[in-house]
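Asks: Going down the list, the protein sequences come from chains P and S.
The first sequence begins at 1 in our numbering and counts up by one.
The second sequence begins at 1 in our numbering and counts up by one.
By construction, these hints were calculated from the structure, which means they are not laboratory data.
Hints may be right or wrong, so weigh each one.
To be verified - Within a straight-line C-alpha distance of at most 35 Å, the following computed DSBU-like cross-link-like pairs (lysine-lysine) qualify:
no. : chain 1 : residue 1 : chain 2 : residue 2
1   : P       : 265       : S       : 85
2   : P       : 195       : P       : 16
3   : P       : 137       : P       : 337
4   : S       : 160       : S       : 291
5   : P       : 117       : P       : 100
6   : S       : 242       : P       : 126
7   : S       : 135       : P       : 261
8   : S       : 116       : P       : 109
9   : S       : 116       : P       : 265
10  : S       : 291       : S       : 238
11  : P       : 126       : P       : 16
12  : S       : 238       : P       : 274
13  : P       : 337       : P       : 183
14  : P       : 274       : S       : 85
15  : P       : 265       : S       : 69
16  : P       : 126       : P       : 210
17  : P       : 265       : S       : 242
18  : S       : 186       : P       : 117
19  : S       : 157       : P       : 274
20  : S       : 69        : P       : 274
21  : S       : 135       : P       : 262
22  : S       : 5         : P       : 274
23  : S       : 116       : S       : 69
24  : P       : 274       : S       : 150
25  : S       : 186       : S       : 242
26  : S       : 291       : S       : 186
27  : P       : 109       : S       : 328
Unchecked claim - Computed far set for chain P versus chain S, every beta-carbon distance over 12 Å:
no. : residue
28  : 13
29  : 34
30  : 65
31  : 152
32  : 167
33  : 172
34  : 183
35  : 198
36  : 202
37  : 208
38  : 283
39  : 294
40  : 304
Glycine is no exception: its CB is placed at the ideal position from the N, C-alpha and C atoms.
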Amino acid sequence: MKISFPIMGNSYIAFKQLIKDLGHEPIVPPMPTARTMSLGTMYSPEFACIPFKILLGTYLEAIEMGADVIVSSGGHGPCRAGYYGILQQKIIEDLGYDTKIIIFDSFAKTYKDFISKLSWLLKTGKKSWWDLYQAFKPAWAKLKALDEIELYSHQVRPYEINQGETTKVYRKCLEIMDEPVSKLQIKEAKEVCMKMLKEIPQDKSRNPLKIGIIGEIYVLIEPFANLDLQATLGEMGVYSERSMNLFHWLKENTKMSRHEKKIIKSALPYLREKIGGHGINSIGETVMYAQQGFDGVIQLAPFSCIPEIVAKGILPQVSHDQGIPVMTIFLDEMMGKAGMQTRLEAFVDLLQQKRDLKFA
Amino acid sequence: MVQLKIGFPRTLFYFLYYPFWHTFFTELGYQVITSQPTNQYNLNLGIAETVNDACLPIKLYHGHVAELKDKVDVIFMPRMVKVRKMETEVFCPKFLGLPDMVRNSIAGLPRIIDEKIDLSKGRYPLWNACRNIAKQLNQSGFVVRRSYQKALKCQEKFNKYLTFGVGVQEAIDAVITGQDCPEPQKFETDINLAILGYPYLIYDSFVNVGMFERLGKFGVKPWTVEMVPPNRLEAQAKYLPKSLFWHFSNRTIRATFYYLHEQRVDGIIHVTAFGCGPDAMVDKLMELEAKHTGRMPFLTLSLDEQTGAAGIYTRIEAFVDMLRYRRKNNENILSHHG
Numbered sequence: 001m002k003i004s005f006p007i008m009g010n011s012y013i014a015f016k017q018l019i020k021d022l023g024h025e026p027i028v029p030p031m032p033t034a035r036t037m038s039l040g041t042m043y044s045p046e047f048a049c050i051p052f053k054i055l056l057g058t059y060l061e062a063i064e065m066g067a068d069v070i071v072s073s074g075g076h077g078p079c080r081a082g083y084y085g086i087l088q089q090k091i092i093e094d095l096g097y098d099t100k101i102i103i104f105d106s107f108a109k110t111y112k113d114f115i116s117k118l119s120w121l122l123k124t125g126k127k128s129w130w131d132l133y134q135a136f137k138p139a140w141a142k143l144k145a146l147d148e149i150e151l152y153s154h155q156v157r158p159y160e161i162n163q164g165e166t167t168k169v170y171r172k173c174l175e176i177m178d179e180p181v182s183k184l185q186i187k188e189a190k191e192v193c194m195k196m197l198k199e200i201p202q203d204k205s206r207n208p209l210k211i212g213i214i215g216e217i218y219v220l221i222e223p224f225a226n227l228d229l230q231a232t233l234g235e236m237g238v239y240s241e242r243s244m245n246l247f248h249w250l251k252e253n254t255k256m257s258r259h260e261k262k263i264i265k266s267a268l269p270y271l272r273e274k275i276g277g278h279g280i281n282s283i284g285e286t287v288m289y290a291q292q293g294f295d296g297v298i299q300l301a302p303f304s305c306i307p308e309i310v311a312k313g314i315l316p317q318v319s320h321d322q323g324i325p326v327m328t329i330f331l332d333e334m335m336g337k338a339g340m341q342t343r344l345e346a347f348v349d350l351l352q353q354k355r356d357l358k359f360a
Numbered sequence: 001m002v003q004l005k006i007g008f009p010r011t012l013f014y015f016l017y018y019p020f021w022h023t024f025f026t027e028l029g030y031q032v033i034t035s036q037p038t039n040q041y042n043l044n045l046g047i048a049e050t051v052n053d054a055c056l057p058i059k060l061y062h063g064h065v066a067e068l069k070d071k072v073d074v075i076f077m078p079r080m081v082k083v084r085k086m087e088t089e090v091f092c093p094k095f096l097g098l099p100d101m102v103r104n105s106i107a108g109l110p111r112i113i114d115e116k117i118d119l120s121k122g123r124y125p126l127w128n129a130c131r132n133i134a135k136q137l138n139q140s141g142f143v144v145r146r147s148y149q150k151a152l153k154c155q156e157k158f159n160k161y162l163t164f165g166v167g168v169q170e171a172i173d174a175v176i177t178g179q180d181c182p183e184p185q186k187f188e189t190d191i192n193l194a195i196l197g198y199p200y201l202i203y204d205s206f207v208n209v210g211m212f213e214r215l216g217k218f219g220v221k222p223w224t225v226e227m228v229p230p231n232r233l234e235a236q237a238k239y240l241p242k243s244l245f246w247h248f249s250n251r252t253i254r255a256t257f258y259y260l261h262e263q264r265v266d267g268i269i270h271v272t273a274f275g276c277g278p279d280a281m282v283d284k285l286m287e288l289e290a291k292h293t294g295r296m297p298f299l300t301l302s303l304d305e306q307t308g309a310a311g312i313y314t315r316i317e318a319f320v321d322m323l324r325y326r327r328k329n330n331e332n333i334l335s336h337h338g
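With the rest of the complex left out, here is chain S (with noise of 0.2 Å):
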């Protein structure tokens, strides 16, 4: 019997839970395919395919599956709605919709599963997501409970290595692989900077145009969300009178309060896609903290899929000469737009 092929787009929750759903699969005897990273090709495949006004996430996504239609036999898109128990956290209304989108924009489609992740509601939800989704692939009886389980030990390691500071393209070819994950590297520096944003942006090199890259060459060490420890990333909550709506937003905003209060960092960088409607929010409200808690320098950087890496790679360094500037002036009041 040939092997069924099951293709997952390598944007979005790749970054984040690709190690789960990959093991899963795999144990279940399938092969998952994810399409290239993200280049110029895939790129303009999503630009040619999606609503206009949609912002770069969703181009992207756009583009992978349409890179991935024809090499696979299952794509798999799960609808993400809500990933922790929460009457009100949810993902972007766009992600909400993401499988309808795709598959009235995009034509010769193959088969797709998007099962609904809400992990809000019953008895072991993420179990039984998993259930139903091998039921839609024919499979039932232990071999899922096994592969199940194989899968939260490998999304366990994973979520451990982000924590410790490892790449998150390291950190999933370590654990898909099954091996360990060398020591990310001791990193001498005099200026840590937080590099706030959501995964999709902040781990996809191509779309970010290698900032991270740049930074350690400016000398910089960055500190990402994943890199808060869980339960005090939660802890954050206190300090908005209402939670946001979506999922890594939140994230986002506990992950600035976090470092505004540990005052680890000398500044922050918040990276948004043009056109992010959660970001609009966001974005104003980091602004506002950034400038009312010791004035922490604080830079905005949209990207989009025309964004060239010279204009970024200007105002990364103009930032962090003014840092310097001001650290070497010992001087406090500075403008905190950047």
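Just chain P, same shape as in the assembly (with noise of 0.2 Å):
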């Protein structure tokens, strides 16, 4: 059967050796392009947040490219995300097409239907429970390795003497990341990586501003939705940090841990309630962040998105309270990257200015 997936940062590579793996083949829809934006947004409800109109998007080419069943991960609320599925699913049907779209709830919650739904995907894929954990560990190691290459990436950036460099590196390690099966085979190949993005000609003498960048999962991961944020801060020289990456999300969802209590009770003062999706996490990190000495933080979120209003509304008094500037950015399907650009170098500069006030 042919099986696509939603496209976020770069965990493809990773989803699409898992599905190679039990036995169907995998549709790697084409990263997301202004077509894809287009054809979500003609689509999808007027208001509906950019990961929906992206994902819809890139699940009518991946049909387009003859995807029968579409994996996707759901949720339970009140974050809009849980309802995606469903209504990507009505959508579709009544476009006229047939694919499935199958959703993956929280195991905690509905561990029956989880099981079920992943029983049929072995058994049309002709493979067995064995099959599935021999696969799931390449699989994991991958993603992990992934998740590394790319956080490394952007702390050599804001370093690195010709411009651009790290980016056309981080591409070249993004193909021979694509290229091992085995564990050990990743392992290697994921040395090379580092290897080649630490052989960078770096001028360690700079001491970059450094920012926290938070809030909605799907726009922090994915560089087409936030227009690349943290290479074009890495090239303005600017040392950024992301509060979330896939893996640490993935392994986050299975348990909560320490980390994810600490982020709740330093937003705890501002924000007494888990309000879905990361809104929670917005205050707590912001708050973090300022207590770690960083010089600024970043709000991404999709337009419309409930809990980020939520944080966004709360999120002056924070800055306000903790000294720490704050810029929110509101992603949609109009936003320019001109217009991006131009608030960043705003932004990048009063913390320049607020810095050197600090130390004459």
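Using the hints, put the two chains back together into the complex; each one sits in its own frame.
Replies: In structure tokens:
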């Protein structure tokens, strides 16, 4: 069967391998482009958030490529993302396609449903549970390696001497990571990539501004949705750290970590209720970035994202109390790269002045 | 001793739960003060205070609180989380964070009681919440129990009135003064329309620019979510593979299914607020269901702070005209977009 899945950052490399190992044919939809966006926007509700629109566009492109089944993740609210799958299925049916969207909700809450969907996938791929276990391990390792490489690239970029070199090397790394199959090969490939990144000529004498990036997970991770914000910052010579990456998110989805508890505790003076999505994280992480001595925080969120609007309403107070500048960027299908670049430059200039004043 | 004044914003939860809280606080010996019905003044206050991306109802709530803040000693803004014993059904995330949003946006607020109302866990959760609220006001003992029971009775009576089709404001006035409500007028009409949406839009005639009076003038009988018998409303859950996560949204989508399958109405109007998150999903679901269930005519009216009466009236008038035209020509194929 031809199986497709949503694009989120560089994770497609790992998912592609997992589906292949489960005996299906993976359909990797094209990286999101303006066409994806306009396809998605055309058939989505007007006020759906941007991840909904990008995903729907991606699904429609995957259907054009012949996908029979689309696998995605669900949720239990109150963020709208948990209901994406059902509405998207209805929209796709309305357009006359018979492609099925299979949604994996949280294992803890709907484990029967989870297992039956999984066993259906295995049965149609003529694989056993043991095969799943075997296939899962390298895919997990790959996901982790990909995350580490990406994180490292963001650490290198602000120090690069030839602007744009890190991005070039990073692209090459993704190609390299597409090859290996076994766990050992993945480890070797990762080491090659790390070495390539390390060998980029760097000027370690710089003392870049430090910006924390918080907000909604999809627009944080998918560079198409955030107009490649982190690379843009890096090339402006700013060190940036993202509060979430895919591997940690998957891990935290299964079990609440100590880190998560700490975030919620930091947010408590401002927000006393979990409001779904990553609303409370945005508050807590801003407090934590302030305590870690970051120069500023950028909140990234899709336009009309409910939890992030609540967070945005509270952030000015947090910013005032903690003495950390916060800029919110709401992303929608109209967002242009130049507008974003201008806002970033202005924000970075302000942060630089603030720092200069402090040390003057 | 001067009587303590408790403020209750006349928006959002006011339209469905006010009789309960009014009776509860009055019986405890406090004076309950509501803000004025929504008007340009408190709307402007709300627009000035609220984060710009918020939807109209949230801005209104801020406005009502800002209007009340100098008039009362305590503002009661319950944190509405869950009102039913269901694990995944909560209120919109904006409501969950509302007391925090208000507290961090408006300066110079009086004391706030933001007790969490979560009726999904434990025994007698509402009683426990009431007891906590009373404790914050230094009250305990039998008087709390009695107030609670009176409040429950009052709310029950109110809910019954709503299913009969009494207007919300009349029903509230009737139950809190203890009078009997006049029978709703019998209304002979050829057009029945389901006007579905959240109570704070449907029953706030400033926000919906007097839509209901205007519908009456067009000779239309409106049917609302609250007029669906509660047990029938619940039974509609079977039509969706997964319930929505938001209480009011579930009520709206279930009412949609009810009216679609009962075939009692000639068309459906969905009233939504500009920028409403849950409604982005609900509206599309309603549109698709209306299309696939007998091509029921469907119209979405989106309200915001700049909504003009003329624009809304024109759209309703055109919609009603088309329904009459369709009937005259016995034509079944009509755009479901209205």
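Asks: Would you mind marking each hint as holding or not holding in the structure?
Replies: Now the hints, each set against the structure:
1. Distance restraint check for residue 265 of chain P and residue 85 of chain S: the Cα-Cα separation of roughly 27 Å lies within the 35 Å cut-off, and the hinted pair is therefore satisfied.
2. Pair hint residue 195 of chain P plus residue 16 of chain P holds up; C-alpha atoms about 25 Å apart against a cutoff of 35 Å.
3. A threshold of 35 Å between alpha carbons decides the hint, and for residue 137 of chain P with residue 337 of chain P the separation of about 38 Å lies outside it, so the pair is violated.
4. For the proposed pair residue 160 of chain S and residue 291 of chain S, the alpha carbon gap of about 32 Å is at most 35 Å, so the pair holds.
5. With a CA separation close to 12 Å, the supplied pair residue 117 of chain P and residue 100 of chain P stays within the 35 Å bound.
6. With a C-alpha separation of about 29 Å, the suggested pair residue 242 of chain S and residue 126 of chain P falls inside the 35 Å cut-off, and the hint holds.
7. Of the supplied pair hints, the one linking residue 135 of chain S and residue 261 of chain P holds, its CA atoms being roughly 29 Å apart against a limit of 35 Å.
8. The straight-line distance between the Cα atoms of residue 116 of chain S and residue 109 of chain P is roughly 24 Å, inside the 35 Å bound, and the hint therefore holds.
9. Between residue 116 of chain S and residue 265 of chain P, the direct Cα distance comes to roughly 18 Å. Compliance with the 35 Å bound is thereby established for this hinted pair.
10. As the CA atoms of residue 291 of chain S and residue 238 of chain S are separated by approximately 19 Å, the hinted pair is consistent with the 35 Å bound.
11. Between residue 126 of chain P and residue 16 of chain P the alpha-carbon distance is near 18 Å, which keeps this suggested pair within the 35 Å criterion.
12. Note on residue 238 of chain S and residue 274 of chain P: the hinted pairing holds, with a Cα-Cα distance of about 29 Å set against a maximum of 35 Å.
13. As the CA atoms of residue 337 of chain P and residue 183 of chain P are separated by approximately 38 Å, the hinted pair breaks the 35 Å bound.
14. Annotation: proposed proximity of residue 274 of chain P to residue 85 of chain S holds, straight-line Cα distance about 18 Å (limit 35 Å).
15. Between the alpha carbons of residue 265 of chain P and residue 69 of chain S the distance comes to roughly 29 Å, so the proposed pair stays at or under 35 Å and holds.
16. The straight-line distance between the Cα atoms of residue 126 of chain P and residue 210 of chain P is roughly 50 Å, outside the 35 Å bound, and the hint therefore fails.
17. For the hint pairing residue 265 of chain P with residue 242 of chain S, the CA-to-CA distance comes to about 32 Å; that is within 35 Å, so the pair holds.
18. As the CA atoms of residue 186 of chain S and residue 117 of chain P are separated by approximately 53 Å, the hinted pair breaks the 35 Å bound.
19. Restraint check for residue 157 of chain S and residue 274 of chain P: satisfied, since their Cα atoms lie roughly 34 Å apart, inside the 35 Å limit.
20. The straight-line distance between the Cα atoms of residue 69 of chain S and residue 274 of chain P is roughly 26 Å, inside the 35 Å bound, and the hint therefore holds.
21. Simply put, residue 135 of chain S and residue 262 of chain P have alpha-carbon atoms about 30 Å apart, close enough for the 35 Å limit, and the pair holds.
22. Taking the CA atoms of residue 5 of chain S and residue 274 of chain P, the gap is near 31 Å; set against the 35 Å cutoff, the hint holds.
23. Proposed proximity of residue 116 of chain S and residue 69 of chain S is supported: the alpha carbons are some 21 Å apart, at most 35 Å.
24. Our distance criterion of 35 Å between C-alpha atoms is met by residue 274 of chain P and residue 150 of chain S, whose separation comes to about 32 Å.
25. The hinted pair formed by residue 186 of chain S and residue 242 of chain S fails the criterion: a straight-line CA distance of about 38 Å is larger than 35 Å.
26. Annotation: proposed proximity of residue 291 of chain S to residue 186 of chain S holds, straight-line Cα distance about 31 Å (limit 35 Å).
27. Restraint check: the Cα-Cα separation between residue 109 of chain P and residue 328 of chain S comes to about 52 Å, which exceeds 35 Å; the hinted pair is violated.
28. No beta-carbon of chain S comes within 12 Å of the beta-carbon of residue 13 of chain P; the shortest separation is about 31 Å.
29. In this structure residue 34 of chain P is separated from chain S by more than 12 Å, as the shortest Cβ-Cβ distance comes to about 22 Å.
30. At the 12 Å boundary, the C-beta of residue 65 of chain P stays outside the reach of chain S, the nearest C-beta of that chain being 25 Å off.
31. Listed as a non-interface residue, residue 152 of chain P keeps its Cβ farther than 12 Å from every Cβ of chain S; the least gap is roughly 34 Å.
32. With a cut of 12 Å on Cβ distances, residue 167 of chain P stays outside the contact zone with chain S, its closest approach being about 32 Å.
33. With a closest Cβ-Cβ approach of about 39 Å to chain S, residue 172 of chain P is found to remain outside the 12 Å limit, as its non-interface label requires.
34. Even its closest Cβ contact with chain S, about 36 Å, leaves residue 183 of chain P beyond 12 Å, as expected for a residue assigned away from the interface.
35. Listed as a non-interface residue, residue 198 of chain P keeps its Cβ farther than 12 Å from every Cβ of chain S; the least gap is roughly 42 Å.
36. No Cβ of chain S approaches the Cβ of residue 202 of chain P within 12 Å, the least distance being about 39 Å, so the stated non-interface status holds.
37. Its beta-carbon lying about 31 Å from the closest one in chain S, residue 208 of chain P satisfies the requirement of being farther than 12 Å from that chain.
38. Interface exclusion of residue 283 of chain P from chain S breaks down, the closest Cβ pair being 9 Å apart, not more than 12 Å.
39. For residue 294 of chain P, the requirement that its beta carbon stay farther than 12 Å from each beta carbon of chain S is met, with the minimum near 21 Å.
40. At roughly 6 Å from the closest C-beta of chain S, the C-beta of residue 304 of chain P falls inside 12 Å, breaking its exclusion from the interface.
Of the hints listed earlier, those the structure fails to meet are numbers 3, 13, 16, 18, 25, 27, 38, 40, in rising order.
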